[in-house]
Amino acid sequence: MIEEHDRVALTTKEPGAGLEPGDVGTIVHAYSGGEAFEVEFVTLTGDTVAVLAVDRDEVRPVQSRELTHTRGLKWGKEGFALAGTHRIPEE
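In the UniProt record's numbering, the protein residues as written are 1 to 91.
One or more hints might be untrue.
As the list claims (entries may be wrong) - Straight-line Cα separation of at most 20 Å, EDC-like style, residue types lysine to aspartate or glutamate; simulated pairs:
(1) Lys13 with Asp57
(2) Lys13 with Glu58
(3) Lys13 with Glu35
(4) Lys13 with Asp55
(5) Lys13 with Glu40
(6) Lys13 with Glu38
To be verified - Pairwise CB distance ranges (calculated):
(7) Leu73 with Gly33: 18 to 26 Å
(8) Gly72 with Ala9: 26 to 34 Å
(9) Gly72 with Met1: 15 to 23 Å
(10) Glu40 with Pro15: 17 to 25 Å
(11) Gly72 with Thr26: 27 to 35 Å
What the hints contain is simulated information worked out from the structure, not anything from laboratory work.
Note that the Cβ used here is the ideal one computed from N, Cα and C, for glycine as well.
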């Protein structure tokens with residue numbers, strides 16, 4: 001059972017948020033007995049990329065024998081605009 005503060009992997013592509021299957025996030029809120037969740041996705045340095053509401057079938061628990069993989073985000077002229085109200089400033 002997935003609970004708040006668990007790490008999960010996304011199982012679907014979320015193009016509006018720039019997220020891909022396998023991206024790892026943390027459950028920040030569980031709805032309806034675990035049928036839906038708010039998941040926060042952050043960079044490796046802790047900057048919030050997106051907070052998404054997802055259904056149970058759009059995430060899965062991470063496994064102890066999995067590795068975290070890195071990939072770059074696509075940056076626009078004013079930084080990378082993502083889902084919700086979060087924006088990562090351009091460095």
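- Hey, Lys13 versus Glu38, does the alpha-carbon distance stay inside 20 Å? The given pair, whose Cα atoms are some 16 Å apart, holds under the 20 Å limit.
- Query: Are the Cα positions of Lys13 and Glu35 separated by 20 Å at most?
  - Reply: Cα-Cα ~19 Å, so holds.
- Query: Between Gly72 and Ala9, is the Cβ distance one that fits in 26 to 34 Å?
  - Reply: This hint is violated: roughly 19 Å between Cβ atoms.
- Query: Does the Cβ distance between Leu73 and Gly33 fall inside 18 to 26 Å?
  - Reply: violated, 33 Å
- Message: Just to be careful, I want the Cα atoms of Lys13 and Glu40 compared with a cutoff of 20 Å; is the pair within it?
- Response: holds, 15 Å
- Is the distance from the Cβ of Gly72 to the Cβ of Met1 consistent with 15 to 23 Å? violated, 34 Å
- Query: Under the criterion that the straight-line Cα-Cα distance not exceed 20 Å, is the pair Lys13, Asp55 satisfied?
  - Reply: holds, 13 Å
- Range agreement (Cβ of Pro15 with Cβ of Glu40, hint 17 to 25 Å): At roughly 18 Å between Cβ atoms, Pro15 and Glu40 fall inside 17 to 25 Å, so the hint holds.
- Message: The hint says 27 to 35 Å between Gly72 and Thr26; measuring C-beta to C-beta, is that right?
- Response: violated, 21 Å
- Proposed proximity, Glu58 with Lys13 (alpha carbon, max 20 Å): holds, 9 Å
- Task: Below or equal to 20 Å on CA atoms is what counts here, so check Lys13 against Asp57.
- Result: holds, 12 Å
Checked against the numbered hints given earlier, the structure breaks hints 7, 8, 9 and 11 and satisfies all the rest.
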